[in-house]
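*Asks:* Once you've looked at the hints, dock chain B against the given chain A.
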Amino acid sequence: MLEDKLLVVKCRRGNKEAMCRIYDKHKDYLLTLSKGLLGEQATAEDVVHDVFVSFARSAGQFQLKGSLRAYLATCVINLARDKIRARTRQAQVLDSMNPDTLRSDNPAQNLIESEEITQLRQALTKIPYEQREVVMLHLKAGMKFREIARLQGVSLSTTHGRYRYGLDKLRSLLNSEVKE
Amino acid sequence: MRPAENIEKLIKNLSDKTRAKMDERVRKNMLQALAESEKPSALTWPKIRKIIMKNPITKLAAAAVIIIGVTLSVTIWDKTTSKAYALEQTIQASHSVRYLHIKSFMKGMEEPKEFWIEFDKQGGIKNIRAHMPEWESPSDGAKVVIWQQGKAKIWFKKKNSLVTVKDKRFSEKLSASVQLFDPKLAVPRFIELEKHGLAKIEIEEPSNKAEPIITTATYSPESKQFGVPVDRTILFVDQTTKLITSMESYSLAEGSEYELIDWIEFYDYNQQIDPAMFVFDNLPSDIMQIDQTTQDIGLEQENLSEEEIALKVVREFYEAVIAKDYTKAGRIYGNIPASRIEEMFKELKIVRIISIDEPKPHPIPGVGGFMVPCKLEIEKDGIKSVFEPYGPAVRAVYGQPNRWNIHGGVK
Numbered sequence: 001m002l003e004d005k006l007l008v009v010k011c012r013r014g015n016k017e018a019m020c021r022i023y024d025k026h027k028d029y030l031l032t033l034s035k036g037l038l039g040e041q042a043t044a045e046d047v048v049h050d051v052f053v054s055f056a057r058s059a060g061q062f063q064l065k066g067s068l069r070a071y072l073a074t075c076v077i078n079l080a081r082d083k084i085r086a087r088t089r090q091a092q093v094l095d096s097m098n099p100d101t102l103r104s105d106n107p108a109q110n111l112i113e114s115e116e117i118t119q120l121r122q123a124l125t126k127i128p129y130e131q132r133e134v135v136m137l138h139l140k141a142g143m144k145f146r147e148i149a150r151l152q153g154v155s156l157s158t159t160h161g162r163y164r165y166g167l168d169k170l171r172s173l174l175n176s177e178v179k180e
Numbered sequence: 001m002r003p004a005e006n007i008e009k010l011i012k013n014l015s016d017k018t019r020a021k022m023d024e025r026v027r028k029n030m031l032q033a034l035a036e037s038e039k040p041s042a043l044t045w046p047k048i049r050k051i052i053m054k055n056p057i058t059k060l061a062a063a064a065v066i067i068i069g070v071t072l073s074v075t076i077w078d079k080t081t082s083k084a085y086a087l088e089q090t091i092q093a094s095h096s097v098r099y100l101h102i103k104s105f106m107k108g109m110e111e112p113k114e115f116w117i118e119f120d121k122q123g124g125i126k127n128i129r130a131h132m133p134e135w136e137s138p139s140d141g142a143k144v145v146i147w148q149q150g151k152a153k154i155w156f157k158k159k160n161s162l163v164t165v166k167d168k169r170f171s172e173k174l175s176a177s178v179q180l181f182d183p184k185l186a187v188p189r190f191i192e193l194e195k196h197g198l199a200k201i202e203i204e205e206p207s208n209k210a211e212p213i214i215t216t217a218t219y220s221p222e223s224k225q226f227g228v229p230v231d232r233t234i235l236f237v238d239q240t241t242k243l244i245t246s247m248e249s250y251s252l253a254e255g256s257e258y259e260l261i262d263w264i265e266f267y268d269y270n271q272q273i274d275p276a277m278f279v280f281d282n283l284p285s286d287i288m289q290i291d292q293t294t295q296d297i298g299l300e301q302e303n304l305s306e307e308e309i310a311l312k313v314v315r316e317f318y319e320a321v322i323a324k325d326y327t328k329a330g331r332i333y334g335n336i337p338a339s340r341i342e343e344m345f346k347e348l349k350i351v352r353i354i355s356i357d358e359p360k361p362h363p364i365p366g367v368g369g370f371m372v373p374c375k376l377e378i379e380k381d382g383i384k385s386v387f388e389p390y391g392p393a394v395r396a397v398y399g400q401p402n403r404w405n406i407h408g409g410v411k
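So the sequences go chain by chain: A and B. Here the working numbering is used: the first residue of the first sequence is 1, the next is one more, and so on. Here the working numbering is used: the first residue of the second sequence is 1, the next is one more, and so on.
Next comes chain A alone, as it looks inside the complex (with noise of 0.2 Å):
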C-alpha cells in the first residue's frame, strides 16, 4: 500500500521506472479480471493496455486516494462495460460466442490450464453481464458487496442477488443441467 503511494508520486514526477514497476506488479491480476468479465483474450489484453496507457496520461496530475489496486480495477471494469455495450450494438451476442475464443492464446497457459478451468471460462460468458460483474467482483477483486453494489448503482440486496443467481447458473451450466 505504502510503497504504491511510493510509486504513484514518482509516476507524478514523470519516473518511467515507477511506472514500470506498477504495470509488473497489477498486470496479471488486471488481466485475469478483465479476461473473467470479458472472455476473450484479445480484448481483455486490449482493456488492461488502454488502462495502463490512460492511468501513464493522467499520471502528472493523478491523486491516489485508497488503494491502487482498487483505482486500477475500477478502470478496468469501466472499460470492460464499454466493450460489452460496443459489442452489444454490434449484435455480436455473447452466447453466440465461439468457444476458441476463450481460450488463451498463450501456448504456455494452455497447457497448463485445465479442462475444469477452461469450462468455467466458457460458462462465465454465458451468464448475464450484471451477474458476472457481481461474480468477479467479489472473488476476484475481493471487493465488498456494498462497494459493488454502489459502482453497479443497485441496491445491495440486488448485488446479494445477482451473485446468488449468478453462482447458480454457473454451477447449472458447468453441471451440464441446463438445457441449452
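Hints may contain errors.
With a cut-off of at most 16 Å between alpha-carbon atoms, the simulated EDC-like pairs for lysine to aspartate or glutamate come out as follows [as the list claims (entries may be wrong)]:
(1) Lys360/B x Asp281/B
(2) Lys169/A x Glu8/B
(3) Lys16/A x Glu8/B
(4) Lys9/B x Glu116/A
(5) Lys103/B x Glu3/A
(6) Lys9/B x Asp168/A
(7) Lys16/A x Asp296/B
(8) Lys103/B x Glu17/A
(9) Lys107/B x Glu17/A
(10) Lys16/A x Glu110/B
(11) Lys25/A x Asp23/B
(12) Lys113/B x Glu8/B
(13) Lys153/B x Asp281/B
(14) Lys65/A x Asp4/A
(15) Lys25/A x Glu110/B
(16) Lys16/A x Glu136/B
(17) Lys12/B x Asp50/A
(18) Lys166/B x Asp296/B
(19) Lys144/A x Glu110/B
(20) Lys173/B x Glu211/B
(21) Lys209/B x Glu17/A
(22) Lys65/A x Glu211/B
(23) Lys17/B x Asp46/A
(24) Lys17/B x Glu40/A
(25) Lys28/B x Asp50/A
(26) Lys209/B x Asp4/A
(27) Lys28/B x Asp24/A
(28) Lys21/B x Glu3/A
(29) Lys126/B x Asp182/B
No lab work stands behind these hints: they were computed from the structure.
*Replies:* This is chain B only, laid out in the frame that chain A set:
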C-alpha cells in the same frame, strides 16, 4: 452436483499471465503517454503566445501578469522553503533504526541488490546479508555475502564455492557501500554539502499527509571534486515517521535533463531480522569451502616488489599446472582444491609458457592488484596453438597482506 464453494474457489484461483508481446506493447505506449503528460503544451504554446502578443493591450496585461506572477512565485517559494519539515528530523529518526532492509536498483537491470542490515546500539554495523545479482559481477555470477564482526562469508553460486575472508579492505569496501544508503550518514552529507555551497536543497511537503515529503538535493559541478558521484539526489520521506522510503540518484544528461540512474528502496524499518538470515544454512552439500582466515593462500611476497610478486604468482601457477602439481596450483589460485584445478585443465593442456608481460594495475577501480598478461602454448586434440588467458588477475590475499594469489579467471 458441483457445490457452489468449489466454483467460488475455482474463480478465486483463476490466474492469467500477460504475454511478452503484450508487455512490450503496453510498456511502449504507456511510457510514451507518460512522457507526453510531462510536456504540457510545448508545441502549441509558442504559437498561441505569438498570436496573443501581437495585440498591444494584451502586451500590457501580460506585463501585469508577469509582475503578479513573480510576486506570487516569490511568496510560494518562500512558503515551500519555510520548512516545517527539516532534514534533521530524518537524521534524528534514523538514529533509532536497528534493522533495515534495502533494495538497490540500477536502471536497466531487473534484479536489485538486496541488503539486510542490523545495527548495534551505537549505530555501527553489526550484521549484513547481501544478495548480489549476476550483473554486478558477471565473472563471479550471483553471490550471497554474510558479514559479521569483520569476517565475511561469500557464497559464489555459479562457482559452487564458499569463501571466508577476514580483511580490513573487504570490510571497508562493504561498509562504504552500506554507508551510501545508511540514512543517518547519507542525510548529514546533504546538509554538509549545502553548507559549503555545493548543493541546493529543496523540500516539497504535500498537505496530504499520506504522501511523502520530497527532498531534492541538486549538486554543483564543483561537488564532483569532493567525491559526489551524481548530479541530483531525491529523497522520499514518510511524513509520519520522517524516515526515508526511497532515494533516487540522477545524472545530468545532455540537454540539461536529469536522468534517473539508480534508486534505493527502504523496507521494514526496525522490524527485527531473523538471526537465521545471518547464517548460511541451505548450502549445497558438495560446495567447495575455502577459508582464507585459517589457511595460507598464494605465495609469500618476501622482499619482492608488488609487480615482481604478481609476475612470480602467474609464472609459478602455470608451471605448477604444466607439472600437474595441482595442489600448488590450487593454493596459488585462492586455495581451490587440487581436484578442481585438475578438472579445469582436463581439456586445456598447457604445454609451455611463451611469455609473461609486465603487470598492469587492475582496470576496475577498487579491485586492486594487477593484471598480468601472458601467452601460453596449448594443445587441444593434438593441435598446438597460442592461448592468451583473460587476466590473470593477481592481488594480495584478503586477510594475508604478505601473500599474493590469483583471483578471477585463469582460462
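*Asks:* Does each hint fit the structure? Answer for all of them.
*Replies:* So, going through the hints one by one against the coordinates:
1. Lys360/B x Asp281/B: 40 Å, violated
2. Lys169/A x Glu8/B: 13 Å, holds
3. Lys16/A x Glu8/B: Answer violated: Lys16/A to Glu8/B is near 37 Å, above 16 Å.
4. Lys9/B x Glu116/A: Holds. Lys9/B to Glu116/A sits at ~12 Å (cutoff 16 Å).
5. Lys103/B x Glu3/A: 13 Å, holds
6. Lys9/B x Asp168/A: OK: Lys9/B and Asp168/A at ~14 Å, within 16 Å.
7. Lys16/A x Asp296/B: Given that 16 Å is the threshold and the Cα spacing comes to 50 Å, the pair is violated.
8. Lys103/B x Glu17/A: 14 Å, holds
9. Lys107/B x Glu17/A: This hinted pair holds, its Cα atoms lying about 8 Å apart.
10. Lys16/A x Glu110/B: Holds, at about 14 Å.
11. Lys25/A x Asp23/B: Between Lys25/A and Asp23/B the Cα gap is close to 12 Å, so the pair holds against 16 Å.
12. Lys113/B x Glu8/B: 40 Å, violated
13. Lys153/B x Asp281/B: Measuring from Cα to Cα gives roughly 12 Å; hence the hint holds.
14. Lys65/A x Asp4/A: 11 Å, holds
15. Lys25/A x Glu110/B: Holds, at roughly 13 Å.
16. Lys16/A x Glu136/B: 22 Å, violated
17. Lys12/B x Asp50/A: 24 Å, violated
18. Lys166/B x Asp296/B: Holds: Lys166/B and Asp296/B sit about 13 Å apart, inside 16 Å.
19. Lys144/A x Glu110/B: Distance ~35 Å between Lys144/A and Glu110/B Cα, so the pair is violated.
20. Lys173/B x Glu211/B: Violated, because 35 Å separates the two Cα atoms, which is more than 16 Å.
21. Lys209/B x Glu17/A: Measuring from Cα to Cα gives roughly 24 Å; hence the hint is violated.
22. Lys65/A x Glu211/B: 10 Å, holds
23. Lys17/B x Asp46/A: Holds: Lys17/B and Asp46/A sit about 14 Å apart, inside 16 Å.
24. Lys17/B x Glu40/A: Holds, at roughly 14 Å.
25. Lys28/B x Asp50/A: 12 Å, holds
26. Lys209/B x Asp4/A: Holds: Lys209/B and Asp4/A sit about 15 Å apart, inside 16 Å.
27. Lys28/B x Asp24/A: 13 Å, holds
28. Lys21/B x Glu3/A: The given pair, whose Cα atoms are some 27 Å apart, is violated under the 16 Å limit.
29. Lys126/B x Asp182/B: 13 Å, holds
Checked against the numbered hints above, the structure violates hints 1, 3, 7, 12, 16, 17, 19, 20, 21 and 28; every other hint is satisfied.
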